[in-house]
Amino acid sequence: DTGVSQNPRHKITKRGQNVTFRCDPISEHNRLYWYRQTLGQGPEFLTYFQNEAQLEKSRLLSDRFSAERPKGSFSTLEIQRTEQGDSAMYLCASSLDRGRRNNEQFFGPGTRLTVL
Amino acid sequence: GDSVTQMEGPVTLSEEAFLTINCTYTATGYPSLFWYVQYPGEGLQLLLKATKADDKGSNKGFEATYRKETTSFHLEKGSVQVSDSAVYFCALSPNYGGSQGNLIFGKGTKLSVKP
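Chains as they are written, first to last, in the numbering used here: chain W, 10 to 125; chain S, 1394 to 1508.
Careful, some of the hints might be misleading.
[Said to hold, decoys possible] The calculated EDC-like cross-link candidates involving lysine to aspartate or glutamate, where the alpha carbons are at most 20 Å apart (straight line), are:
#1 S:K1442 with W:E113
#2 S:K1445 with W:E77
#3 S:K1453 with W:E113
#4 S:K1449 with W:E113
#5 S:K1500 with W:E77
#6 S:K1442 with W:D106
#7 S:K1503 with W:E77
#8 S:K1503 with S:D1447
#9 W:K66 with W:E77
#10 S:K1445 with W:E53
#11 W:K66 with S:D1395
Since the hints were made in silico from the structure, they are not lab data.
Using the sequences and the hints, build the whole thing.
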């Protein structure tokens, strides 16, 4: 399967714990995006990378959220000191930026986080 | 800021009925517009897109036309099938200097098609 993969698919944690999610994009894609989706809402943009550079992080929901893409391949999203309000689906998408407008973003299946 | 508004669901139709899901947007400049679909248990998939005014995107019998004068991108299909049952998301990507290519989504419309 050469699509975007995300692990784990489900994560249940207790309030106050740290969690980390992983995203493996399509191998030749240089852009990687993270979104959050809560019940009944569309995905909400969090951050994105062009290769290993994080070019936008002001949309991250708080300073408890951080993301990395150390070698320009896979990415991780970490949430520290989780709160019940962090419960959501976290989506990753990747695209190949060829300098044209609006290259298609390919989405992974998401990681569903439940904070008890 | 930029935003997308789409009709509330759920929408329930009989097989072979005509489908319209309304989508309007607010954006600076000339965004690109998309419809994504999420089938039960699956990830988001691009259904169709349009990058400039009067463009028509089409795929799998679905169509949508970029109408700048009405800031709309309504999704239509002439004859729905049970297999079209899914959640449909309208989205835009801003196209002004410094935009990042991220997508701004509507809330989604759940479609159920009955045999």
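Here is what the structure says about each hint:
1. S:K1442 with W:E113: holds, 9 Å
2. S:K1445 with W:E77: Roughly 34 Å separates the two Cα atoms, so the pair is violated.
3. S:K1453 with W:E113: Cα-Cα ~17 Å, so holds.
4. S:K1449 with W:E113: Cα-Cα ~16 Å, so holds.
5. S:K1500 with W:E77: Distance ~28 Å between K1500 (chain S) and E77 (chain W) Cα, so the pair is violated.
6. S:K1442 with W:D106: The hint holds at about 17 Å.
7. S:K1503 with W:E77: It is violated: about 34 Å lies between the C-alpha atoms, which goes past 20 Å.
8. S:K1503 with S:D1447: Violated, at roughly 26 Å.
9. W:K66 with W:E77: holds, 11 Å
10. S:K1445 with W:E53: This hinted pair is violated, its Cα atoms lying about 24 Å apart.
11. W:K66 with S:D1395: holds, 18 Å
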